[in-house]
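Engineer: Going down the list, the protein sequences come from chains G and F. First residue of the first sequence: 1, per my numbering; consecutive thereafter. First residue of the second sequence: 1, per my numbering; consecutive thereafter.
Keep in mind the hints are simulated off the structure, nothing from the lab. Backbone N, C-alpha and C define an ideal beta-carbon position, used for all residues, glycine too. Watch out, some of these pointers could steer you wrong.
[What the hints assert, rightly or not] Which chain G residues face chain F? A few, computed with CB under 7 Å, are given here:
no.	residue
1	44
2	102
3	105
[As the list claims (entries may be wrong)] Computed footprint of chain G on chain F, listed as stretches where at least three residues anywhere in the stretch have a Cβ under 8 Å from a Cβ of chain G:
no.	region
4	18-29
5	42-52
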Amino acid sequence: DAKTTQPTSMDCAEGRAANLPCNHSTISGNEYVYWYRQIHSQGPQYIIHGLKNNETNEMASLIITEDRKSSTLILPHATLRDTAVYYCIVRSLAGGTSYGKLTFGQGTILTVHP
Amino acid sequence: DGGITQSPKYLFRKEGQNVTLSCEQNLNHDAMYWYRQDPGQGLRLIYYSQIVNDFQKGDIAEGYSVSREKKESFPLTVTSAQKNPTAFYLCAISKGPGTDTQYFGPGTRLTVL
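Here chain G stands alone, though its shape is the one from the complex (with noise of 0.2 Å):
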């Protein structure tokens, strides 16, 4: 799977948009970047995926730019509780000995403050 680099820590007003970016310049054709969070000694959440268009859900929107090469997880208007470790990770879905397999890097720690 294709390494991702993200800033180690972000900071962010509550009620702004959290804009949270990814690097992922040797993703190749099947690989799908996702993105999950990670709350101090609690599990990853799982936030949204996508492979090239542009995704949104109810909780956040994804950008991925046109090449592919870097994207941008969005957060729309933050609160308190979206303080979290943001772990961004580009995923082959062909199978091989990576079957499976979720490669988590160091994230971005993101700080909502009031």
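Since the structure of chain G is provided, determine the placement of chain F on it from the hints.
Structural biologist: For chain F alone, coordinates are given in the frame of chain G:
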């Protein structure tokens, strides 16, 4: 997720003892996974199972064992052969084979004294 339960949330054991961590799901998903997370680290895959009575080793299977006798249950045994068993253990499930989105349970924090 509400459909995945891991128990207990905290577990303490003495060195040299085997311990079994529970993972149960009521979502009728076929695939189940065990990951380990160490402080400040990402997740590492221990074992996974795509169907009942079948399971495969992940990246760090040494010192661990699993069984998948029922679709809803995938217990993980941490044996005394595991050199550094203290960690946060996470169970995940997906609808079908490993390519589907994985959903995680709340985790069990194991401390070996």
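Engineer: Now, for every hint given, state plainly whether the structure supports it.
Structural biologist: Against the structure, the hints come out as follows:
no.	hint	in the structure
1	44	5 Å, holds
2	102	6 Å, holds
3	105	6 Å, holds
4	18-29	violated (count 0)
5	42-52	holds (count 5)
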